[in-house]
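> Each chain is listed here by its residues.
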Amino acid sequence: MTTLLEVSGVSVSFDGFRAINNLSFQIGEAELRAVIGPNGAGKTTFMDIVTGKTRPDEGRVTYGEKSVSLLSLSESRIAQMGIGRKFQRPTVFEDQSVADNLMMALKKDRNPFAVLMFRPVAADRDRVAELADEIGLSAALHRKAGELSHGQKQWLEIGMLLAQEPRLLLVDEPAAGMTLAEREHTTDLLKEAAKTRAVVVVEHDMEFVRRLDCKVTVLHEGAVLAEGSLDHVTRNEQVIEVYLGR
Amino acid sequence: MSDMTLSAPARRPLVLRHPSVLVFLTILALFTLGVTLLSEGAGIGAISTSFVKTLGKTLCFCLVALAMDLVWGYCGILSLGHMAFFGLGGYAVGMWLMYERTRMIVADSLAAAELPPTAQEISDGIATQIFGVVGASEFPPVWAFAHSLPLQLAAVVVVPGLLALVFGWLAFRSRVTGVYLSILTQAMTLALSLYLFQNDSGLRGNNGLSGLQNLPGLDDIPQSAVSLWFFWASALALGVGYLFCAWLVSGKFGSVIRAIRDDETRVRFLGYPVEGFKLVVFTLTAVIASIAGALYYPQAGIINPAEIAPIASIYLAVWVAIGGRGRLYGAVIGAGFVSLLSTWFTGGQAPDLVLGPLRIQWVDWWTVLLGLSFVAVTLFAPKGIGGLVDLAARIKSPDRHGADLGPDAGALREREADQ
Ligand SMILES: Nc1ncnc2c1ncn2[C@@H]1O[C@H](COP(=O)(O)OP(=O)(O)OP(=O)(O)O)[C@@H](O)[C@H]1O
Ligand SMILES: [Mg+2]
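Chains as they are written, first to last, in the numbering used here: chain A, 1 to 246; chain B, 1 to 419.
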């Protein structure tokens, strides 16, 4: 399996506090990976680095078959290269309809003039409808995103992510605020997505991670503590100590 | 919610999707027709020529307010510099008007001489006439194209466009946002106006340009007719500008710029180059503002650097806020309503208000009233006058005393929204 994203030896400090400490991480073309770790372990910061929001002090981040370095690229360039991100707090455009939110996310030319001239054709509208169906928001297509419940917003954001057709999906705590049935649906969606692309899921809920049934990376104090199957990492002494002990 | 089908409806023409556009254009057309029929120049004379000019100028204000609404109400950039672009448009057109008229006068007076005047003599004569007030008698370099109407009209678009492009590129690239960006735009405006105040700026310092109401070569045509021409041109520009803005905000571009206003970080992660979008909107609106100014100043007759001072741009923001930002007709209503009211109050026509020992003279107190209205609108009616349309259409947002809507943070309950 070829590597899609490679992070090596990355460190970041905020005012002298080392949030990420010599972190290395790899993920393949079509792989599902769960990232777990206690609060403040650096999971979100790791995503910030990959998506260009935070610049690391040292280390390398390379992406794609040509191993392009992401470190000098803007957030929008990185997104255009096929890295999509779902935030911890659902962030959708509340003042606009579900359909508009999805339409904006559809994979199209992002240049301002191309956007100015863009008029959706039937295929685009069908794609939006299809996505809305997938995330269970068909009936809410014309409602403002701000009217949705917390869980529905999570869904909408996942739908927007899928609409971007990314090659690498970074998903930060997707199941927060969802019911059990919705969580199951989310696992199915993520597993389905991971058949054709790389998916990194950050999640605290162990049941959710178990259902994902994939390789797990445990982060602690900005570095990888353990990696392997869920059973393997939960047997690890250090992991038990970090999660239960102190 | 029962009539929602799975697939989105097919796209209909712009005016059908947004009936407000059609309503607006109809009202504008009727207004233009009405004023024409009542004017001295082409109608029964019930409206004086000076009032026709006031109305024409108001239409120009409405156009620049549209630009302000686009950049602030839709894209979230509180620019305090758009009246500077407005003024630059006025200067660009004013230079030709003043040059050409002076040239005709000078040519006439020299024609009486025995020897036919040389080109140099004419040029010197014009320069002395125009720049005598600032103690100069030569053309500054900025007047290089003043002899040509097409070139000065091109300058109406190019000069503010370039200024906005360069300024915007520098500001947006370093990700200056919010209050800091507003301060930066205000600093630009202040610098420009202070520069123009200097006598050696080449634009006659604090004298500005005057006599702009007189069109060169058309001395025989009465102002009552000229005022109507400009009134029509302003109405046309406003109509076209409105259609253009409505087209711009109705599609995906509008979606993206509103998204930038609400959460620009998120837009970046969708892959949109936020800075590029801001730059396009900033530059485009600067050009619209400049065109409005180019139509305004020939009706005002005079332009001077005080018109470019930051306060003018602040007034512009106040108009848009009072009218209701984030909706195009709101901007037009705000600019029209407030600027006409302002003309009335400051023109000395409004009767004094006597409150016991206090005698309120509106000429002085109007600004206070305007300031209070601005505060009141911001606090109690953030949707502005345009919000009345929502009231009539029964679109209600639940009052949650500023708290997030709905059961979870940020969620608006269906039942509340449908009330
Ligand atoms: N911009 C920042 N400035 C200062 N400190 C920061 C910044 N971003 C993150 N941190 C710090 O870095 C550490 C890691 O934060 P991060 O958000 O990555 O944790 P996390 O693993 O996502 O935690 P959680 O599970 O609570 O979401 C925290 O201690 C946090 O306070
Ligand atoms: Mg986090």
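Derived by calculation from the structure, the hints in this document are not laboratory data.
Some hints here could point you the wrong way.
Unchecked claim - Distance windows between CB atoms, simulated:
#, chain 1, residue 1, chain 2, residue 2, range
1, B, I314, A, E207, 38 to 44 Å
2, A, G40, B, I314, 43 to 49 Å
3, B, L372, A, L180, 52 to 58 Å
4, A, T179, B, R17, 32 to 38 Å
5, B, T265, A, E165, 20 to 26 Å
6, A, K53, B, V368, 30 to 36 Å
7, B, V240, A, K53, 40 to 46 Å
8, A, S69, B, R173, 17 to 23 Å
9, B, L162, A, L71, 49 to 55 Å
10, B, L341, A, G40, 35 to 41 Å
11, B, R175, A, A181, 37 to 43 Å
As the list claims (entries may be wrong) - Anything over 10 Å on all C-beta distances counts as not near chain A; from chain B, calculated:
#, residue
12, A42
13, A127
14, V142
15, L194
16, N206
17, L215
18, P216
19, L243
20, S255
21, T265
22, F277
23, G347
24, A350
25, W365
26, L379
27, L388
Said to hold, decoys possible - With a Cα cut of at most 30 Å, we get these calculated BS3-like pairs of lysine-lysine:
#, chain 1, residue 1, chain 2, residue 2
28, B, K383, A, K107
29, B, K252, B, K383
30, A, K107, A, K66
31, B, K252, A, K108
32, B, K252, A, K53
33, A, K191, A, K66
34, A, K108, A, K195
35, A, K53, A, K191
36, A, K108, B, K383
37, A, K144, A, K215
38, A, K144, B, K383
Built from N, CA and C at the ideal position, the CB exists for glycine as well.
> Let me make sure I understand: some of the numbered hints might not hold for this structure. Which ones are they, in numerical order?
1, 6, 9, 10, 20, 21, 22, 28, 36, 37
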